[in-house]
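Produce the entire structure from the sequences given, and follow the hints as far as they go.
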Amino acid sequence: MDHKHDKSFLLSQGVFIFVYLAVLTGLEFFIAISFKSVPLLVVVALVKAVLVVYYYMHVYKLNVEHEGEEESYEYKSGTNRLGLWLFLISDSFVFGGLLVMRINLLGLTRPELNQLLGLGVTSVLLISSFFMNRGETMLHNGDRKGFLVNTAWTFLLGLGFLLGVILVEWRLAIEEGMTPDSGPAGAAFFMMTGMHAFHVLTGLILLAIIWFNGRRGLYDEKNYPVEAAAVYWHFVDVVWIFFYPALYLIGRLA
Amino acid sequence: MRNMNPVRKGLLLLILGGAVGYGIGLVIDLLISGTLNFSGSVSAAFAVLFAFSSFFFGLYGYRGITRGLVWQVVGMMLGAFFVTGIRALMGKTEIFGPFFFSEPAWVVGALTSVVFFLFGVGALDDWMKWARGIDTPEHKEDPPGWEKYFYVSYDHKVIGIQYTATALFLIAVGGTFALIFRSELAFSQLQFLTLDLNLFNQNGPKLYNTLMSLHGIMMIISILLGVSGIINYVVPLLLGARDMAFPRMNAFAYWVAVPATVLFLLSLVLGGFDTGWTGYPPLSARAPVGMQMFFLAVFTAGWSSILGSLNVIATVLRMRAKGMTSMRLPIFVWAGLATSIIALTATQLIGLSFQLVMFQRLFGMGFFDAAKGGNPVLFQHMFWFYSHPAVYVFVLPGLGVISELLPVFVRKPLFGYRWIAMSSLGIAFVGFTVWAHHMFTSGMNEYLRVPFMYSTLLVAVPTGVKFFSWVATIWGGKIEFATPMLFVIGAIIVFLIGGLTGPPNAAIALDLHLHDTYWVVGHFHDTIFGGFVFPFFAANYYWYPKATGRRMSEFWGKMHFWLMTPSFFVLTFGMMVVGLRGMRRRIVDYDPGLGLDSTHLILTIAAFLIGFSVFIFFVNFFYSMKNGEKAEGNVWNSRSPEWQVPSPMPAHNYEVPFEVVGEPYDYGLPGSKYVEFSANGKTHHHHGEEAIVHGS
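Read top to bottom, the protein sequences are chains A and B. Take the first sequence: its position 72, counting from 1, is numbered 72 in our numbering, and each next residue is one higher. Take the second sequence: its position 529, counting from 1, is numbered 529 in our numbering, and each next residue is one higher.
Hints are computed from structural coordinates only; laboratory data are not their basis. Incorrect hints may appear among the rest.
Below, a list of computed lysine-lysine pairs in the PhoX-like style, where the Cα atoms sit at most 20 Å apart [to be verified]:
| hint | chain 1 | residue 1 | chain 2 | residue 2 |
| --- | --- | --- | --- | --- |
| 1 | B | 626 | B | 148 |
| 2 | B | 9 | B | 148 |
| 3 | A | 76 | A | 222 |
| 4 | A | 76 | B | 129 |
| 5 | B | 129 | A | 222 |
| 6 | A | 222 | A | 145 |
| 7 | B | 129 | B | 140 |
| 8 | B | 673 | B | 322 |
| 9 | A | 76 | B | 140 |
| 10 | B | 558 | B | 630 |
| 11 | A | 76 | B | 322 |
This is the structure in structure tokens:
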């Protein structure tokens with residue numbers, strides 16, 4: 001399979017997956033309005049999650065048999081890729097645990113938060129993932145400058161998200177009287193955003209490392225570290241896709 | 001001093017350093033509280049910290065582990081003083097607590113101490129270089145001799161031995177704690193853990209609680225490290241790999257467990273904790289600082305488990321020898337894989353649950369505080385979501401060892417290979433669905449009880465598959481009663497008792513009565529001894545010649561077995577008996593009217609006999625390193641690839657790669673062979689039944 005064919009195949013697969021996701025979201029909306037059935041919603045959400053994971057696995061060639069000798073860079077990168085994905089599976093259990101905590105403590109209520117700010121930081125984080133993907137692709141195509149520019153944008157947007165949550169959203173919440181020790185809503189909010197922000201922070205550190213090393217041309221040939229940072233960044237992004245509705249959208253105001 | 005034996009020098013410095021630390025602690029305590037308290041927490045904490053570093057300084061000099069421990073002390077002081085300073089600036093009234101530092105200062109100090117340890121020991125060196133864009137060689141050469149065991153080596157065999165040695169150290173400490181509180185239980189009323197005792201800010205009964213809790217958790221951590229020890233040493237050899245998939249992460253996973261061990265000992269002296277190893281709130285939200293040290297130690301040791309298991313999965317999936325298809329994988333590798341799937345994922349939940357209690361204590365976040373709208377039962381769900389599957393993390397490798405060793409000593413093929421392989425995965429997956437059977441009396445929703453009862457009973461099915469296979473494998477075999485085989489048979493019998501006493505706990509109606517009695521204590525000691533401790537000893541006796549080129553004394557090995565096994569039966573059956581007659585778990589005393597005094601005395605004697613038998617094992621283990629009978633060949637006449645090359649194993653494992661050409665356990669079948677070594681067209685044939693180098 002030549003490279004070009006591979007690319008168009010990936011693209012069509014991506015389009016299909018997004019069509020599926022759109023259909024499923026419509027179905028979710030329908031179920032939520034007409035049946036109000038939580039188990040059904042959970043099933044659909046799980047199918048969505050599986051599709052997203054499948055797509056990412058495909059983009060990052062996790063389910064492809066390839067590579068040559070065991071000591072080659074390609075083979076080792078394949079092993080590293082597997083290791084990283086295993087780590088993300090493990091990490092997702094922390095975030096899953098936090099979601100369980102939120103559902104158990106708050107049920108069908110949600111904390112009172114600044115909706116505009118929530119939408120804003122969420123958009124900033126999602127857009128940062130776009131630049132991340134762009135930067136990574138550019139490096140694969142040998143465009144070091146484009147990689148640096150796009151990674152810098154990712155970093156700045158990520159930093160914007162972090163500051164937006166920690167400096168603005170946290171302060172607003174505290175001013176509204178929702179402190180960590182004020183009750184279950186405050187505890188869940190600060191714990192979940194705090195844990196996520198910690199992961200964003202580590203992601204920013206990784207971005208800084210690949211930016212500085214990439215500027216010196218270290219990843220022109222062996223670019224697995226860039227892929228690793230990118231996958232981690234997308235992961236942090238995906239976690240927020242689950243946390244944002246859990247904190248801002250689901251349920252009624254307490 | 002210069003020409004002294006390093007061990008003696010270490011022990012001398014251990015005493016000196018401990019005394020100096022104790023003295024410093026006394027002075028600090030005097031300055032803070034104005035009284036001279038000879039059995040206080042502060043002096044003991046400093047004594048622990050100083051004694052450890054001094055011992056390794058004498059043994060090894062200022063490098064490797066010593067540097068790590070010294071950095072840990074420095075890191076702890078820096079972190080704690082930093083927080084103390086900030087609190088002083090913020091105008092807090094309580095800058096210093098009864099344990100010298102305040103609780104937040106101790107917590108931050110403990111966290112920084114772990115990071116400092118890892119930097120100091122050098123576990124992060126290569127990663128720091130990579131981050132700065134400096135490349136380092138894939139493998140590094142270790143110095144010969146014993147010194148490589150005390151610094152950061154990337155060799156999976158060295159790391160496996162480091163894990164095993166640490167596990168043995170923790171078994172010794174945790175066992176000693178058990179003997180102390182078991183002595184108190186020998187008679188009703190309080191004998192020496194009395195109310196007027198005051199040690200480490202704890203009176204007698206409180207100290208009992210701390211020792212009991214620490215016995216539980218230190219044995220658990222020791223088991224996790226022991227599991228990692230066997231897997232690390234054996235799995236790459238069975239796969240024909242040069243090393244694990246991620247050698248640096250492998251070293252990191254080991255070294256992060258060492259500062260955790262120090263934190264466990266600190267939790268003893270910093271006021272202890274009386275919750276048992278489960279750490280349920282609300283009690284754990286109120287216990288002394290020792291509770292936080294316990295949480296942080298488990299959290300840190302959890303990283304070891306998670307990263308170690310990640311490494312195992314990647315190694316098994318990516319680094320198998322040619323021809324080693326999934327159905328020709330050694331059973332022990334299947335067991336390691338199943339265990340790793342649990343440890344990789346579920347461990348995060350115990351970390352999270354402890355972290356939430358930690359934050360509840362530090363920031364008043366009311367996750368589990370009913371007064372603030374929290375839910376204490378939520379903690380139990382999160383905690384048991386790991387802590388029940390954790391039991392399978394302990395026993396699956398042990399059961400794998402049984403299946404791996406059994407065919408070698410009965411000279412017959414393993415019965416039902418596929419079923420055994422799949423039953424490990426089956427236990428692992430069913431294990432994820434049973435956690436709430438620990439909570440039948442906790443006040444969780446009643447409709448949850450029955451499904452969890454049935455899922456729990458379901459575990460018996462894949463476990464039963466293993467028993468049928470073992471019995472069918474032994475049936476009609478030519479059994480050789482070497483020491484490892486004795487422990488394998490002991491394991492099967494003890495685990496059977498552990499398994500049979502399980503369903504009564506799983507049945508709701510019975511569990512309402514059995515919950516929190518000594519019956520449960522008897523039950524889980526049976527499962528853990530049968531599922532891990534006996535196989536662990538078997539694995540030690542079995543692979544010892546591979547690691548050292550010498551074998552442990554058969555006579556003393558058999559003494560160990562024949563002393564430990566009957567005493568163990570007395571102990572656990574006795575525990576179940578007193579449990580059924582009304583003895584509660586986790587209490588320092590019992591009513592003489594219950595009429596349990598004589599049984600408890602027998603239990604205590606049995607416990608001491610077990611302790612003595614393990615002491616025999618320790619002596620045998622260390623004595624045989626230098627003085628054991630030479631054993632460089634295929635000692636057990638095994639078909640496994642690691643026994644087809646001379647012992648001790650060379651640094652880079654197999655000089656000639658092997659190819660898998662047959663089934664792994666076809667013992668006794670003429671003409672069958674498992675592996676074939678080949679290089680440059682030159683083929684060495686190693687037939688399972690023909691390449692016999694008997695016991696030499």
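Numbered hints the structure breaks, given as an ascending list:
Every hint satisfied by this model.
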